[in-house]
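Student: Sequence lines, in order, name chains A and B. When we follow the numbering used here, the leftmost residue of the first sequence carries the number 1, and every step to the right adds one. When we follow the numbering used here, the leftmost residue of the second sequence carries the number 1001, and every step to the right adds one.
Everything labelled a hint here was simulated from the structure, so no lab data went into it. Hints may contain errors.
Claimed, not checked - Chain B regions said to be covered by chain A (calculated; three or more residues, Cβ under 8 Å):
| # | stretch |
| --- | --- |
| 1 | 1412 to 1420 |
| 2 | 1478 to 1484 |
| 3 | 1550 to 1563 |
| 4 | 1576 to 1589 |
| 5 | 1767 to 1777 |
Positions of the beta carbon are idealized from the N, C-alpha and C atoms, including for glycine.
2 protein chains.
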Amino acid sequence: MIGADVFGVDPWTVPEQRLQLDLLAHTESVFALSNGHIGLRGNLDEGEPSGHAGTYLNGFYESRPLPHAEAAYGDPESGETMLNVTNGKVLRLLVDDEPFDLRYGTVEHHERTLDLRAGVLRREVRWRSPAGQGVILRTTRLVSFAQRAVAAIRYEVEPYDGPARIVVQSELIANEPGPEASDDPRAAAALVRPLQAEQHHHRELRAGLVHVTRASRLRVSAGMDHVIERPQDVVTSAESEPDLARVTLATELREGETLCFVKLIAYGWSSQRSLPALRDQTDAALAAALRTGWDGLVASQRSYLDEFWDRADVELDGDPALQQALRFALFSVLQSAARAEGRAIPAKGLTGSGYDGHSFWDMETYTLPMLTYVAPTAARDALLWRHSTLALAQARASELRLAGATFPWRTISGHECSGYWPASTAAFHVNADIADAARRYLSATHDETFGRGAALELLVETARLWRSVGHHDAAGYFRIDGVTGPDEYSALAGNNVYTNLMAARNLRAAATLAAQHPRRAARLGVDEEEIAGWRDAADAIVIPFDDELQVTQQSELFTRLRQWDFAATPAEQYPLLLHHPYYSLYSSQVVKQADLVFALYACGDAFSAEQKARDFEYYERITVRDSSLSACVQAIVAAEVGHTELAYEYLAETAFIDLRDLASNTKDGVHLAALAGAWLVAVAGFGGLRDHGDRLEFSPRLPARLTRMSFRLTYRGRRLCVTVGRARARYELLDGDALEIGHEGETVALSAAEHVQTRPLAPPPARAPPAQPSGREPPLGRPQR
Amino acid sequence: MIGADVFGVDPWTVPEQRLQLDLLAHTESVFALSNGHIGLRGNLDEGEPSGHAGTYLNGFYESRPLPHAEAAYGDPESGETMLNVTNGKVLRLLVDDEPFDLRYGTVEHHERTLDLRAGVLRREVRWRSPAGQGVILRTTRLVSFAQRAVAAIRYEVEPYDGPARIVVQSELIANEPGPEASDDPRAAAALVRPLQAEQHHHRELRAGLVHVTRASRLRVSAGMDHVIERPQDVVTSAESEPDLARVTLATELREGETLCFVKLIAYGWSSQRSLPALRDQTDAALAAALRTGWDGLVASQRSYLDEFWDRADVELDGDPALQQALRFALFSVLQSAARAEGRAIPAKGLTGSGYDGHSFWDMETYTLPMLTYVAPTAARDALLWRHSTLALAQARASELRLAGATFPWRTISGHECSGYWPASTAAFHVNADIADAARRYLSATHDETFGRGAALELLVETARLWRSVGHHDAAGYFRIDGVTGPDEYSALAGNNVYTNLMAARNLRAAATLAAQHPRRAARLGVDEEEIAGWRDAADAIVIPFDDELQVTQQSELFTRLRQWDFAATPAEQYPLLLHHPYYSLYSSQVVKQADLVFALYACGDAFSAEQKARDFEYYERITVRDSSLSACVQAIVAAEVGHTELAYEYLAETAFIDLRDLASNTKDGVHLAALAGAWLVAVAGFGGLRDHGDRLEFSPRLPARLTRMSFRLTYRGRRLCVTVGRARARYELLDGDALEIGHEGETVALSAAEHVQTRPLAPPPARAPPAQPSGREPPLGRPQR
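One chain only, chain A, in its complex shape (with noise of 0.2 Å):
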C-alpha cells in the first residue's frame, strides 16, 4: 500500500504532485495510456530511470516453452509472453554537456498530471542541471482513441537562468533490456532480445525499424516522425541501425526561448503480411497523423472521451477520493478495451507485463458486464475475439476428449498457456462465463447479427461441453465433478455451485437461442433433441446445501472441511499461496475469493433473500481476499443483503486498488478487473442493478457517506440516467424508446413522454455486519467521514 498522499485529490485528473523515483514503476502504470490496440507504459520521456520500461501491442507476443516437472496428457508446451515492444516513448535531451537525467542535478518541480477528460498525460518538470544550467521541461503524451495505430508527444524545452545548449535525441528503442521474466532459464533465453532486425531505414525526421519473433513468427514495424514548431534554426540528423532509430534535434536557446517539436508514432504488427506491407502501414498512419496534426489529434481524443462520459460517467456525491478513483477505474477499463478490435482485453490492459499480458475469465465476467451497458461496441468486440479463437477451443475439448468447446484459462492467442491444471483446465467456468457474458451482451443491446452468429456458436459449442464434463447420477441430477471454481483456494471439486448454476444458465440461453434461430442451429447439428437434452440437464443441476448449517456449500462437502485456523495465521502470511501448500488450502474452509458469494451475486435468481444473508454471513468470515477479484463482488453482494456500509469499505478496497497500490503489485500493470470492480459496485451494489431476465431490474440503497450517485446506462438503444438520493432513486430516459424496468419489483415505465419517474428508497435489511477472518478487515478500513 502507498500513501493517499501521492496522488492529489482531484474530480477529472489524477496529478502526482512530486516525483518519488522509488514508487517509478508504480506510477508508471498509474499514468500508462493506452487506446486497447497500444499502450505506453508512464515511463519518462528520457527513459531513465525506469521501473519497468514498457510498450505493448494487443495481441504480440513471443512463444516460449512451458516446463513441466512431470508431464501429463493435456499440458500445454508452450507460452505465449506479451513482449515489451520497439519504444518510441524515448526523447533523451542532452542540457549544454549535461544529460538530462532526474538522478543527478536538482529537480525543483515535477509535476505530472493524467487528465481522465482529455485523454492524455502532462509533464511539466523544472531541473537544474549539475552543472547549474536550469531547464523547464513540458510534454504531453497521448495514445489516439480515434487514430488507432497513432502515439504522439509534444516535446517543449525552455532554458532558465542563462542560455542553453540543446540537443534532443528521439528514439525508437528495440531489445531494451528487461527484468527476467521466468525463473525458468529457457524461458527467460526465448525473452532475451525476442525481436530479430528485419529491416531500418530513415529519410529526414522520419525514421522506422522491422522486427520479426523468433518462435511466435510475428511481425512489428514501429516509426516516427516529428514536426518542428520553433526555433526555426533547429539542425536536424536522422540515422538508424537495426535495434535503433534516431532523429537528433540540436539548437542553442536563450533564456525565454523554446524548443518545441511534436513526435508521432505509429505501429503495426502482423503474422501474415509482409515487411514491405507493414512498413507502408505504418508510414500511412504516420502520413495521416502529420495531416490531422497535433491540435487535431487533441481534439478527437477530447470528442472522443467527451461521448465516453456522457455514456458512463458515475457521480459520487461525499467522497472526493472516491469519486476520483471510480473515474480513474472508468477511464483504465475504456483505455484496454477501446480498440482492441477483436483482439482480447488483458487482465493488466495494456499497462503493465503482469500476468504475461494474458486474459482470462475475468474478461466476460468483471470487464464485459461494465461494457457491455457504457460502451457496447468494445463489448462486443471483446466478444468477437473470443468467437474468433472457437476452433482453437474446439481443438482444445478435442484433446480433452470432451464435446464442445473449451476456452483457455489464460492466453494471447486463444492456445491454452496455463501450466498449472488444476487451477486452469478444471476450470471449466469460463466457458460459461464467456456464454454468460455473449447472453448478456445480446439482450443489452438486442444486436441480432451476433445473436444469430457469433452467440449462437459460442452457446452451443459451451453447452456442448457442459453435457459432456457433467453426467446424471443414478438418481437423475445432473453432476458436474471434479471442476475449479472461481476460489482458488478450492480445487477439483464436486459441483461447485457457481460452476453449476452458470453452467445451468449457459444450457439454458444455448436452448432458448437456439430456438430462436432453428435454421442456423440446425446448420451447427442442433436439433431438438440436442435442445431438450440441454434444457434437461440445466433444470436437474445439482446444488450441494448442507442441512445442519442451512447453508449453500460452495461445493459438495465444502462444509466438512477442516477450518482454518485464522487466529494461527500471522499477516505475513497473506496471501496464503505463498505460504502454504494447496493441499492445506484446498482440503480446508478458507476461500481466496468470492465463489459461492460470486453465484449469489451472477445467479441471484437462484436464491432466496434470506438464503443470500445467511451464506453471505458464513462465507464472509473465511474469505480472505488473496484475490483483487473478491472485494467487489463481496461488496456488491453485501449491499444486497443489508451491509451497505461494509460494501462501500469493499468499493473503496476495489476502486483503490491501483491509485494506493492495495495489492502491492501496480507496479506490473493496474487490476483492470478490479477497476471495472468498481463500476460494477456503484451500479449493481449501490445502484442494485439485476439483469436476469428481460429488463433491468434495481434496488437501490446508498451508504451513509454518499448523499448522492448518479450512473448511465445504455440499454437496448436507449441511454437511461439513474440517480440514487438518501430517500429516493430518480430514473431518467434520455433519449430511445419507451422501456420498462423494475425497481423493488415494481413496473416503471419510462417513455418520451414520461422520461422521468421517481421512487421512494426500500429500506435496506437491518443486520449486524458480519467479521472477516481475522486481520483481514477491508484494508482502508471505513474511509474519514
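Starting from the known structure of chain A, arrange chain B on it as the hints suggest.
Tutor: Chain B in isolation, oriented as in the chain A frame:
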C-alpha cells in the same frame, strides 16, 4: 509383451535360447545382477551393441533442477537421478583384426543363462568373424552377495578353425554416452557427463578411476584387477586417463588353446570420505577378492543363495513356467535388497534407470511384506534407511505446515523429488505404509531394539502427521480430506478408505507401542493425552459407504462420479493416462490400481466377508490395471472372496511381468513390487496368510491348475513350512519354539514334539467370477492346461 519362447522353462535357471538384438534392452534388465549395493545390467561383455548400458550403486545420484510451469509453495525445486556410474563390465575382444561384435560376422551359437541358485550369469558364444575366424567365448559374471563391494567376471576365449591373435581390453569407462534422461534440457544438461574426473591410476593389472558428481558432490571410486589363469605368455599392459582405465591382454592361441582370466571389479562411494580414503577402500576390496579368488567367490555366492532358498522358496506343482517365474521374482527381490544395508530399495532395484532410480511406497507395501517373512534382516535394513531420513521428513512436514513427519513420495536421498503434488504430496498414505511396515516387521520378529528405537520414532511421528492432516467434524467423525490414495486415477478426494484405515492403524499402532515404551515415548514428548488423541481419532475415522449400492466408496462420493465408457475406449488408449487428461480420470469411476480393494486386503479386519465380495465385484469391473502394482492385490482378494481361478490369472500377470514384458517397459528395469507381489499372491492369496493381530492366520485354497504349493516363512525366530494340497494343508514347524497359528480361524498348536499338523481345506465360497472392464481381461488369459 514378448513371446513365451524368449526364455526356456527350467525350475532353477532362466535360459535365453538365442540372442535377439531387438530385445537387448529387455534382456539386460532380466539378466541384471545385483546384491542391493552394486547393480550391473546384463550388458554384453564387449559393451556393444547394448540397449541401455547400466552400472548402478545404491544411493548414488546426481541432483538436477525440477522445472515448474507455475511453481507453488512446497514444490520441490530439485530432483535426483540415479547415475550410470563407471562401467567395469567391459571386455573388448579383438580376434585377429576384427572386433568381436555380434552385429557383424556370424553368430553360430549364443546362450545366456541366469542361474538362480548359483547367482551367476553364464554366457557361451560361438562366433565367426567376417574374415572367417571362429572363436568360442565363455563368461561367467557375478555380483557378490558375500563381498558387497565386489563383482567378478571369469572370461574364457578359444579359437576354432585355426589359430588366432587375441587381444582383450578390460576397461573401466566413465561418462558413457546414454539416452537423454529427461525432456527438460536443464535436467538433461545436468546429466550429460555427470561424473567429474578426480583421479586415474594403473599399475600392473590393476587400475582405477575416481570421479565426483557436480551438484550432489558424491564421490565414486571404481577399481579393477585381473588374475590370468592361462596361457603363460600373455603380454599385458595398463593405462589410464580421466574417463578410461584399460588393461590389455594380448596373446596368440592355437585351436583348442584358451585364454582364461578373472576380472575383479570393486566400487566404493561416499559423500564424506576423501579421495585417498575411497581409493584405498576400493583397492582393499580388490585385495580381499584376490585372496578369496574366483572359486571362493562362486562358493560363497552359492552358499548365500542356498540359505536364502532354504528360507524363501515357494514350490508350485502343476505349472513349471509359473514355478520358474516365481523363483525369478524371489531372486529379483533378493538382489534388490540383500546388501542394501542402510540404503533404499528402488522400484526397479538396480536393474535399470526407470523412475530415475527412486524408491516409492512400493518398498514398504510390496517388497518388505515379503522380506519380513523370508529375509527379515533385509527388511530391517530398509526400514532403518527410512528411519535415517526421518529428519528430512520432519522438515518436509514443517515446510507443509503439518506436524510430525511426512516422507517423500519418491526419492533417493530422502528428499521429496516429485514434480506433481496431487500424486505425491497429497498421497499421504505413504506414511501409514511405512508405519505399517515397521509394525509388521516388529510383530513378525519381536526385534525389541528396533521396536523401542526406530519403530517408535517412525510410528509417533507419522501418528502426529495424521492428527494434523485429519480433523474432527461437527458430528465427531475424524475426516481426512483432499488426499490421494493408491489409485492414481483419483486424487485430492475426501476420506479415501485405504488412507483412512491405514491411518487409523498407524494411530493405534503408535498408541500401543508408545504405551509399551513409556519412557522412550516421553523423550519424544508423547504423553497420555496425545496417545488418547490417537486412539480417539482412529476410532472416529470416516469410512464412506454408499447405502443404495451397498458398496464401500473408494473415497467420499466416488460412486456418484461419471461412469467411464469402457466400450468406447480402444485398446491403444491404455494406459489411459497417456491418452486422457487427469481431469477426466479423476472425475470418473475408473481405477488405475487396487485402492479400495487394497484396503480389503491390507485392512481386511475392517470388512465382513460379504462386504469384501460385494466391494471386490464392484471395483473389479472398473479397475484397468494400468499399474503393475495392481494385479497381485486383486489376486489376493480374488482368492479370499472365492475367485480362485481369477486369482491364478492375476498371479500369472504379476509373476510374468518381466519375463513376458507385460508392461512393455522392462527395458527400464524389472518391476520389483509386482515381483514381490507374486510371492504375496502365493502366500497371502493361495496360502491365505493374514497377520493383522498377534498370530499368523491361514485360509489356504488352491487354484485348479496346481496340485500342491509349499512355502516357507520365518516368524519370531521360527521357520515354518506350509504345504497346501488339493484337500489338506500341512503346517510344519521346521525349527524354533512352540507356536500357535490359525487355520480358518481355528487354533493350531505347533511344537518341537508336534511339529506337523494337517487340516482340511475349507471349501471356497462359490461365486461367479466378476468381469473386468472391456478389453482389460488378464493378458495371459487362463494359462494353458
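Student: Which of the listed hints are broken here?
Tutor: 5
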